[in-house]
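Asks: Let's have the full structure, built from the sequences with the hints guiding it.
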Amino acid sequence: MSKKLRRSDQFIIRIPMRKWDCILDDFTTEELRHLRDNLSLSIVWNAWEMEEEDSQDATIVEIEVLYDGILNFQEDDFPDAEFGLRVLKGRLEGYPAPVFRIRLSKAVRKKDVYRAIYGTCYALSSPRLDEPCYAEEHNGYTRVSSIRKYGEHHDYYNEKGVYCGWRWADPAGIQDGIRIPSTNFMK
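Quick note on this note's numbering: the sequence shown kicks off at 1 and runs consecutively.
One thing to keep in mind: the hints can contain errors.
Pairs of lysine to any residue residues, derived as SDA-like cross-links and limited to a Cα-Cα distance of at most 25 angstroms, are as follows [claimed, not checked]: (1) 110 <-> 148; (2) 111 <-> 51; (3) 149 <-> 74; (4) 106 <-> 14; (5) 89 <-> 75; (6) 19 <-> 107.
Source of the hints: derived by calculation from the structure; they are not laboratory data.
Being a predicted model, the structure only gives us computed values, none of them experimental.
Replies: Here it is as structure tokens:
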């Protein structure tokens with residue numbers, strides 16, 4: 001007898017983007033001072049990458065950003081590491097690790113969400129660069145959690161003072177992805 005895999009239409013996603021594809025000290029002091037003006041989060045949604053064919057028409061109908069991945073804070077599980085981005089000695093250091101909740105137009109398997117969000121990144125742009133530089137995740141650190149953990153995540157980031165709360169919703173849904181300027185995440 002085959003085990004029926006659980007499906008859900010809501011997930012909590014954390015993506016530590018530890019790889020930058022550019023040299024971060026190529027930015028001016030002014031650009032680093034106004035970092036949010038030059039950053040945008042691109043949430044990719046490639047539903048056609050899902051294994052289950054009946055899931056491939058799922059769209060994202062709602063997004064809530066719990067933590068933008070930019071603000072600095074000390075995470076309880078990693079007392080020796082700071083999360084977020086910071087400017088030290090005129091150089092950008094750290095990596096973004098945004099946490100967001102998505103609601104889909106239909107229930108899908110958690111493992112298919114991993115496939116569909118692959119390519120989600122932060123883009124850092126500058127008028128001096130021909131193309132933005134990207135912070136991406138290539139090492140399998142992405143975590144997709146059950147919506148049952150929503151309260152735990154919400155309370156944790158709120159307690160740390162980094163809860164974002166930015167929301168987007170559209171019943172028509174997103175089929176390919178969405179680009180969100182990080183200035184939208186400012187309280």
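Asks: Hints first: check each against the structure and report whether it holds.
Replies: Now for the hints, and whether the structure bears them out:
For the proposed pair residue 110 and residue 148, the alpha carbon gap of about 13 angstroms is at most 25 angstroms, so the pair holds. Distance hint between residue 111 and residue 51 is fulfilled; the C-alpha atoms sit about 9 angstroms from each other, no more than 25 angstroms. Proposed proximity of residue 149 and residue 74 is supported: the alpha carbons are some 20 angstroms apart, at most 25 angstroms. For a cut-off of 25 angstroms, the pair hint linking residue 106 to residue 14 stands: about 21 angstroms separates their Cα positions.
With a C-alpha separation of about 23 angstroms, the suggested pairing of residue 89 with residue 75 holds against the 25 angstroms cut-off. Taking the CA atoms of residue 19 and residue 107, the gap is about 31 angstroms. The hint is violated against a cut of 25 angstroms.
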